[in-house]
Amino acid sequence: MVGELAGNYSTVVLMFGFAIVAMAPALVISRMISPRKRSNPVKFLPMECGQVPTGEGRTHFMMQYYPYILMFVVFDVMAIFLYAWGSALLEIPKMATLPMMGFLAIMFGAMAFALYQSGRRRIW
Amino acid sequence: MSVIAPKFKLSEFIKSLLDNIFWIILILVLIGLPAVMMILFVIEMPVIDGELLTPFLAFTWMADPTRILPVVHAFMATDIFRVMAFPGFGFAALLAAATIFVERKMLAKLQLRVGPFYCGKFEGILQLMGDGLKLISKEIIIPAKADKPIFWAAPVLFVAAAAAFVAFIPVAPGWVVADVEMGLLGVFAVIGFFPIITILSAWSANSKFPFIGGIRALFQMVSFEIPLILSLLGVVMLTGSLNLSEIAASQSSFPWIVFLPVGAIVFFITMLAELERIPFDLPEAESEIVAGWLTELSGMMYGLVQLGTYLKLYAFAALFVVLFLGGWNGPMVVPPFPVEILEGIEMGPITVGPFPGLPLFTQEMLNGTLWFVLKTAGIIFFILLPRGVFPRIRVDMLLNLGWSKLIGLSFVNIFIALGLLYAGVLGPGGLQ
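Residue numbers (the working numbering), protein chains in the order written: chain A, 1 to 124; chain B, 1 to 432.
Calculated from the structure, these hints are not laboratory results.
Honestly, I wouldn't trust all of these hints.
Just the calculated beta-carbon pair ranges, DEER-fashion [said to hold, decoys possible]:
(1) B:E246 / A:V77: 24 to 30 Å
(2) A:F61 / B:V102: 35 to 41 Å
(3) B:E123 / A:R31: 30 to 36 Å
(4) A:V13 / B:L112: 33 to 39 Å
(5) A:S39 / B:A377: 46 to 52 Å
(6) A:V21 / B:F390: 36 to 42 Å
(7) A:V77 / B:V102: 35 to 41 Å
(8) B:L358 / A:P93: 50 to 56 Å
(9) A:P35 / B:G174: 44 to 50 Å
(10) B:E364 / A:A88: 48 to 54 Å
(11) B:I150 / A:E48: 20 to 26 Å
All values reported here derive from a predicted model rather than from experimental measurement.
Cβ atoms here follow ideal geometry from the backbone N, Cα and C, with glycine treated the same way.
Just chain B, with the same shape it has in the complex (with noise of 0.2 Å):
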């Protein structure tokens, strides 16, 4: 017979408790308040109701949880919660884990499976956690003569490059993680890290299936990135700016893809073969060469594949949003923020609030967002369709394809564009 503590006394126990609990309170009170005050005199501290916020006033808010409000707004402003939360890498993960799981059940559903079905209570919700811890605990195996460095460093790379090109989309107004001139060119620039980074991971693992699959990846995204620069010049040229935000907020009538269907299907058509997706999966084809330029990695490093692919996909797909499909524009649906609750609550004689800070996110913000997410989750959902319905293409016609038929239509959607504009239909003196 065993048991699990053979020597267990109480007393010991709650001595080693007290213990522990002693030094903890040691650490904290030499170690971390300083270091906490530290901190709070180094950074810049927002002004909030005309009062500086000191490290003592910050303090007394952290006493009172409706008091800390300011203090989250004021950090709501800043570039590290963009970044990390909000319209950065947060919000796009979480997208992306998303569409992981949406993948698998409408794919299961569309073959007649039934899909994830066991982990978790309700229809395998939790299958994509379990999934990554089998992925985290298993062990990484590298090829023998493989590139070491490079080889570890390209799937962290891969996610690099995907989120920087979610940096560029804007969700609402005002909401992008880089506002800048030249988006539209950034965004150019940042899709042209993708060829490099699969080719670098094929070649250093010194092995054939990836190589021949990371050849296949580079020349597929380099052909087809020239139809994917031409068929957005529609847009450019009628709005004038390189700027999404100013891109996006030109669609506030009406969308681009009225007046431009074949720009946005050209588009969409080099967006699944940037995407490698089917059926355009070439690089992955996974019953010609095992799995592409993905079959030396294993474990997380496949995970880290994984999930840059799918932060790529809804950047594209955000992207389609913002250029075609008019970005945050839609109804206002969202109520506005109860008054009641700004000017502070009268319940008899106590009177809670008015709580400073307090409309956290505005009401064209949230409003932005919720049609932001809908209509990106629209055009994800028509990126996951092909899968189900489509076979795989050969390579002749995927370059015949890309270098003829889509350069083709996309100078006839620069034409379409160009003779709206001077007809007088759009631009200055026609609609908007």
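So here's chain A without its partners, still in its complex pose (with noise of 0.2 Å):
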């Protein structure tokens, strides 16, 4: 039963693999054909619009996102669980959907102040 589940979803690796086995060749063709001159160092060097490159390509980079990836973990986790409440929606009584009206008030409430956070940027 499981097994079967399961097996509905090998079409989809099976496109997956083909994606690969047709475009893969691409690049080794690629690589065959085109030229590879390896005269000039300077030509392997990484893009910084024509100057010689300075410190490290990866570095500690700040982007202010934390507040945002913390609320993308809970409402991430929300959206799915009010999908199996949807889902089931037209079978279910009608009265089962006053908790969910409660979980969403909740889940409103916590998101406006996640966002009244976010948007105080002198705490980041």
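Using the supplied hints, reconstruct the complex from the two chains, each of which is provided in its own coordinate frame.
Laid out in structure tokens, this is it:
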């Protein structure tokens, strides 16, 4: 039963694999027919608008995104819970929606607070 | 003076030609035919007209082109055909290629330019082929300190993830690569791969511009994933199913965009952000960070990423059509297959046919595909249009839009769907 359910998804994996098998030769053929000149080491430097690059390519970079990442972790899970409720909505009694509304109200309060905190740039 | 072949002799030319023909026939007989026979005995042969297709019968059919139709018909029912050609990779790649050409031409017209013009006799129609040849013959330059295996794999993985997304899209009744119960959740799972592939490619390049572009792509895709998921919940509530084929079939009388316009608009905006298109093309902002996370990709690697991007664009447009515009549903415009050909044509004393397995595609399938492609082309047009109209927006505007406005609007959409359901307008007892 479980194997059967998982087996339905094998065509997705097949499609994924077919795309790899069909597209990897494009890179291989390109490597075979294109010129390869290794005369100048400057050619293999990272792109920096014509300048000789300075410093590391991978650095610590402050994107100021931390509150949004936390919110994503919470609300992504919430969205999947809502799907479990929404796809069964036609079969469950109408009173079963009330706890869901309570859940949504709590989440709205949490989200408003999180958005307010993410808007206060000075505390980041 | 130079000639092409200074030591040319006709007799030696004919001798070499005969030599080649001899070796080809020898190899074909000794290796080719046994190999074909072995393959034919190993694979499961279809039953046609109550008769098992033996290898001998298959060869007699190959001698007569009209008799090969049942074999083609049986082949079209296999998973291989679906993955490679029709609802799968070939069909999507064709539409993606058409999209690239239409985008260049349409954008040029919007900006009072001509666009591709010289390649091919008519309006530069062979431009795409020329670009492909150019890209495949260009040298691939990899930065010196890059993480080479990941950097090579990222473009291929990007195309493969886009192809896995295409696998969920039902094109016509019964014509879908993966007809799974949790289709919509599968789509969300596949969408979740794109930011990972992007950030891997950007990080492995060991360069500053890809790094900044990759981080921008990561948080843009991640923050628009929640409004994307929430805006589709209304459709799932009204349909009561996560299977994309069932969702498309449930819209036979009216598309859901009639009742859920808010959700459709929210989904369209998040679609633009997930596809990194203007006005949300911050990860590839060419006037700020060269080309964003595509900066270090050269030659065919860039070509593969472009192909993946447009496959993804087709898949998103098709998802919009399936969820909000009714998928393949539409008035029947394709004429039925002529009965005379099925029963055999009488030409004086001779009767040609009947041809077994001739209606290769049913009338419903052709009609569904026609409507699906028309609607998808319309949605792709609306995705391309903002590129000629809007400027790029700032990153804080993007985050504010995604987190405050779109999530709020998608909850409004959920309450509209709930109200319609509980007021008895839709669902059991209501319309439909």
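Going through the hints against the structure:
{"no.": "1", "hint": "B:E246 / A:V77: 24 to 30 Å", "in the structure": "holds (26 Å)"}
{"no.": "2", "hint": "A:F61 / B:V102: 35 to 41 Å", "in the structure": "holds (37 Å)"}
{"no.": "3", "hint": "B:E123 / A:R31: 30 to 36 Å", "in the structure": "holds (33 Å)"}
{"no.": "4", "hint": "A:V13 / B:L112: 33 to 39 Å", "in the structure": "violated (47 Å)"}
{"no.": "5", "hint": "A:S39 / B:A377: 46 to 52 Å", "in the structure": "holds (48 Å)"}
{"no.": "6", "hint": "A:V21 / B:F390: 36 to 42 Å", "in the structure": "holds (39 Å)"}
{"no.": "7", "hint": "A:V77 / B:V102: 35 to 41 Å", "in the structure": "holds (40 Å)"}
{"no.": "8", "hint": "B:L358 / A:P93: 50 to 56 Å", "in the structure": "holds (52 Å)"}
{"no.": "9", "hint": "A:P35 / B:G174: 44 to 50 Å", "in the structure": "holds (49 Å)"}
{"no.": "10", "hint": "B:E364 / A:A88: 48 to 54 Å", "in the structure": "violated (31 Å)"}
{"no.": "11", "hint": "B:I150 / A:E48: 20 to 26 Å", "in the structure": "holds (21 Å)"}
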